[in-house]
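Asker: Chain by chain, the residues run as shown.
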Amino acid sequence: MDFELSDEQNLLKDSFERFVKDNYSSDARAKLANTELGFSRGHWKKMAELGWLGLPFSEDVGGFGGTAVETMIMMESMGRGLVLEPFVSTVILGGGLIAEAGSPAQIEAIIPEVIEGNMMLAFAYAEPQSRFNLNDVETAASKSGSGYVLNGHKSVVYHGTTADKVVVSARTSGNSRDEAGISLFIVDNNVSGLSRRDYRTIDGQRAADIMFENVAVGADALLGKEGTAYPVIEKVTDYAIAALCAEAVGAMQAANEITNEYMKQRKQFGTPIGKFQVLQHRMVDMYMEAEQSKSMSDMVAMKLDLGDEMERRKAVAAAKAQVGQASKFVGQQSIQLHGGMGMTDEYSIGHYFKRLTTIEMLFGNTDYHFKRFAALSS
Amino acid sequence: MDFELSDEQNLLKDSFERFVKDNYSSDARAKLANTELGFSRGHWKKMAELGWLGLPFSEDVGGFGGTAVETMIMMESMGRGLVLEPFVSTVILGGGLIAEAGSPAQIEAIIPEVIEGNMMLAFAYAEPQSRFNLNDVETAASKSGSGYVLNGHKSVVYHGTTADKVVVSARTSGNSRDEAGISLFIVDNNVSGLSRRDYRTIDGQRAADIMFENVAVGADALLGKEGTAYPVIEKVTDYAIAALCAEAVGAMQAANEITNEYMKQRKQFGTPIGKFQVLQHRMVDMYMEAEQSKSMSDMVAMKLDLGDEMERRKAVAAAKAQVGQASKFVGQQSIQLHGGMGMTDEYSIGHYFKRLTTIEMLFGNTDYHFKRFAALSS
Amino acid sequence: MDLSFSKEDLAFQDEVREFLATSLPTDVKDRCDRGLHPTKEGQIRWQKILNEKGWMAPNWPKEYGGTGWTISQKYIAAHEFGQASAPIALPFGISMVGPVIYTFGNPEQKAKYLPRILNSDDWWCQGYSEPGSGSDLASLQTKAVRDGDHYVVNGQKIWTSFAHLADMIFCLVRTDSSAKQQEGISFLLIDMKTPGITVKPIYGIDKENTLNEVFFEDVRVPIENRIGEENKGWTYAKFLLGNERTGIARVARSKRQIVRLREIAAAERSGGKPLTEDQDFINKLTRLEIDLMALEYTELRYLSMIAKGKKLTAEPSLLKIKGTEIQQRLTELLVESLGMYGAPYEPERAYEGRNETPVGPDYANGPMAEHLYLRAATIYGGSNEIQRNIVSKMVLGL
Amino acid sequence: MDLSFSKEDLAFQDEVREFLATSLPTDVKDRCDRGLHPTKEGQIRWQKILNEKGWMAPNWPKEYGGTGWTISQKYIAAHEFGQASAPIALPFGISMVGPVIYTFGNPEQKAKYLPRILNSDDWWCQGYSEPGSGSDLASLQTKAVRDGDHYVVNGQKIWTSFAHLADMIFCLVRTDSSAKQQEGISFLLIDMKTPGITVKPIYGIDKENTLNEVFFEDVRVPIENRIGEENKGWTYAKFLLGNERTGIARVARSKRQIVRLREIAAAERSGGKPLTEDQDFINKLTRLEIDLMALEYTELRYLSMIAKGKKLTAEPSLLKIKGTEIQQRLTELLVESLGMYGAPYEPERAYEGRNETPVGPDYANGPMAEHLYLRAATIYGGSNEIQRNIVSKMVLGL
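Protein chains in written order, with the numbering used here: chain A, 1 to 378; chain B, 1001 to 1378; chain C, 2001 to 2398; chain D, 3001 to 3398.
Everything labelled a hint here was simulated from the structure, so no lab data went into it.
There's no promise every hint is true.
Which residues of chain B face chain D? A few of them, derived with a C-beta cut under 7 angstroms, are [to be verified]: (1) Asn1151; (2) Val1156; (3) Arg1177; (4) Tyr1199; (5) Ile1202; (6) Asp1209; (7) Met1343; (8) Gly1350.
Keep in mind the model is a prediction, meaning the values are calculated, not measured.
All C-beta atoms in this analysis are idealised placements derived from N, C-alpha and C, irrespective of residue type, glycine included.
Work the whole structure out from these sequences, hints included.
Answerer: Laid out in structure tokens, this is it:
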């Protein structure tokens, strides 16, 4: 039992932090978020060059063979800078699904391209009626010749705007919320019959609703065995949740540092506001929430690396619930302690608040994961 | 729409407050709570002489014809003094059930005795499995000749220790939790087959578990029509809840005054602890909870006097939930702000904490009434 | 003590409902219902309808154009306006500067400004906060120096809501720098078109321009635009802040939001069932509803005390604290009810010009905008921390 | 970073389980499980068993009789002890004065006291708080004046847990009244049988005598009973408080209470169904469980940092704050789970002598007693408000 980083991991951490420091000043981030694309292809190329896009992939598909702990270290840094590049969508989700369930041919065709930064991915799983239930899939894939025809509406696909290929969950059999009968397909994002409504999200990112109208795909689009995708989806989204927890930890720590510093500078009634006991204790509570979140994020990364399925599920649910609560509290109170300044788009703290608000919601909000944990514990 | 007391009501209030001031100093109350009886028969006699035991009864049964607002005024004063006499058990519950459902003969035999202070009552409704559900009745009353035979176990009957007669809910038909099939019986507290386990409660009061083993009662023991008692029970316990809400308001106000005063006197680090901002804001929150509770208690009393059934239920559920939450918060924080002193049995604040803790639980705790309100609102 | 309504009250209720059903413009109602800021044109159009009906100023004395309503009538009107999603009048004229003018202004000022406020001819804004003085309002630095029959104003205000739309601003300015902080302040009414005034937009975390900075450079303000005495402005400012705290509870609005939240939750699905059947969601909704009920009756209780001539001290601070906390919990729960559709967000600037329909269900357009904007509710009008300081001092004597 | 257990760890786990299964006395376990205070006899009996096994002092250095366990082993032992409802050793000897003695004591003091602490030959209590000095500990007034090779101690201590059962007390006393508050304090070990010591019971809100007042009237204490230097006692006291804060989280105990709460809730009925099917109850239980898990991993993370030689500042205050808040929520929920049977309460003084069985289900005997007693958890050991002050200053630099 050991919570400390190895020397190698510390080096990795330094390089993540350098990247953020060099590229993600508050101004630079704001500018980037306001571009049409919403992130930088230059950064993406740099991340590929540094080997980060291959970090979680195993060595036999050309990856770095990193553990969940290394992803955690990376995501914490990304959280500190509110980094905008679609790492989770492309590498953890899209790449993760393909590496987990793909045929050798699919893996070979896609993963190296992802690692080199030539291909971006997104995962289309949510639907208007599904809320946070991964099994609530009404998008239909019906057999047609040797392939399939897809029909349905996928909601809020993060980075569905820029992905080259989209991994889509669709129902090949069963009823709306059956776990059995769900399949995954790899679909080109410009295939005929696919239409998109692109938009911005409150955290400064890009997402899309994607509509499938008689989209014909070949048999080679099927990812894994037909109808058995649910456990794969659950596992890969659990890895994504762990990554988001680490991102939230980094964002909370940064928000706390910014707020703490502001409290030392900002004077009211002739004294720094950090001298008022009520605000001090609020800041202590924010610090404690971030500390508790850091522990849960470390815990969940290490649990993922232990490989036990039930333990993974419980750990992820617990971590997401705790981090979600903490994210709301830290984000909201950061604004409050900044007063009017916290309400302005120009100042950085509001952007932390909004990303933390979104992380709380992504892949199931706090309530959802409390319920999930309770169900797993009973 | 008017929230102010009439001149008459103000006079009544003065006399309640005088009684509490004269008889319920912190020391006197502690002594009384430690006696075998747990209250004073002398006080009871005095309350009868002042007409208070007849306050809520209508004039045609010899009562004062007071409204729920007058009961509220009285109970607020009683709460300030943590008064121990069994007013709610005898007058609001026992007396209320008989006045509401009794035959002229039953009313005539009992209510005047109650009003004159000669007879005490208690209401036995809870059972080991019932939790807070008034309809969860397994105590059985089976027909036997012209009368009934009672079997069952009633839990935590407040003042069942000293009541002359006990009103008992029992099932004459239907299944465990049916609302139909519940009847009420008036039983002498020393009838053959009835056995009691008397004990103290954390709020310094007395209660008993009462076991019925083939207790034979006559047909005249039946209160109201057989099998139809549920709405009566619900109504009368709603009045009791309103009374307890007012008592809690008085107790919270007193606890806040004691704590506020302590904060001005007690010095730490060379300054009164009331100068520390965190403690000030805590005290403000306690004050606000008491204020909100006062509003809900006034509201529920006035709603009872309007006489609409559905409005009554919703108002009572809302008030109990709000007052319950507030009671916990004010009670617990009163201890916290007193530090070690708050933990001692000798000092008064702990007794307020414990009575507030109990009120939160009586006739359904906060969660129960939140659920009840939600069910009534959906 | 009595909660019942008289026959007259019930007739009044009918009248209010009838008025709202026939007179409230659909577009105005829709924006209000969603929690979007009103358009200037829509807001003025609606306020003029209100003024025509004579209902613009329920809290003003009758002699200045108030309605003369009883507490019951005020309660009924507020409730019905809330349920109908009828916007309340913008506070800056009717609730803030209006009462200052009729309480402390001279006859000329009353005659000049009050009718224009009632008829929404002037859009007012509030020049209180400055970059260095947020919660510590009395430390303000904007200077007004006498020059003949004018003041020359120099300085800067910040967080000025709707300054970019305003015709008039009421301002606290320092007229005596040698006096103690609270003693050298005067209260001026300034025409926004006066040369030397520059408004610079501040974009909020909601990506909207509601707040502004207002710069004053040698702005000449006639002396007759000063309210009351020179250097006594702090008295008028405190009076105004007291007024502001009661309105800020927004109980009727929150009651309507509860209904809206139920509507949305009934339409949303979780595990195939309406969200209204999710016990955890219901739990949060119920707690909100009951907290709001307690606040509603507290407000009524205080109004009843005022009506009986009792004097409140800092009790209205409670209304501000609880009211804004509830507003924030409500918008948070509204956003939560949307599930993943809480994430898409396109600020209106972009929205107004485009042809696409908003993403997600129709009701998803609004809650996040309001949620973001209302983070300020616990900051503005004296932050909730300041309000607790006030209660601690004034009510508890700590 | 690694959460896995080695083969040795798993073997150790078996050993702990085996030990607890065979050696923990049933009566001791039962009281611990219920949350009732241990009897003096039972506690000592159990501690002597622990000492025989060599497991009395997991946190002491090996040279003084510590176990030399790794973090994993400490974690395993704590978890298993908690799940078995095995009482932890009373803190006053083993966690408080023991470390002070082996860190700052002289060889004679170490030789004299440490083995007696390990073997529970002395029951220790803590003489810190005084009537005028609660959170403001350094303002203490109890005086010790040199008289030859003795100190003469006069003054009063308060809130002294278990003083009525104790053989020894460690005391902060003022040896230089002219120095600044924190500089004139010394740390004395005093035999409770010394003439001039009077113990007066304080009955708590739980109607039990746990707390006491201790009066010192011309109590002669040999100079060799002073730890370290004269007037340097504050240094040792602060060291001790730091130690106290880590143990106070009581994570393993709370984990067991969660299990117990589940057991009770499974037996309790609500609307005919087990309380474990009540969504609101489960909601509260789950939140507690997850908060506790976060605390558990935070404690492990800090222990891991210490093991790697990193220095903590006020991080242990977090453990105290969160740990005690969780303990209070837990006992509150335990009481809540009992429904109406939360109300009956008969203090043990009465209970021990009588023949009647306790009222209500067997598990109802305990939760309320612990609930009442643990209201002090956020007060003692430096109140949670003081802990937040410490974090604010030491960690955040505010």
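Asker: State for each hint whether it applies.
Answerer: Here is how each hint holds up against the structure:
1. Asn1151: violated (19 angstroms)
2. Val1156: holds (4 angstroms)
3. Arg1177: holds (6 angstroms)
4. Tyr1199: holds (5 angstroms)
5. Ile1202: holds (4 angstroms)
6. Asp1209: holds (6 angstroms)
7. Met1343: holds (5 angstroms)
8. Gly1350: holds (4 angstroms)
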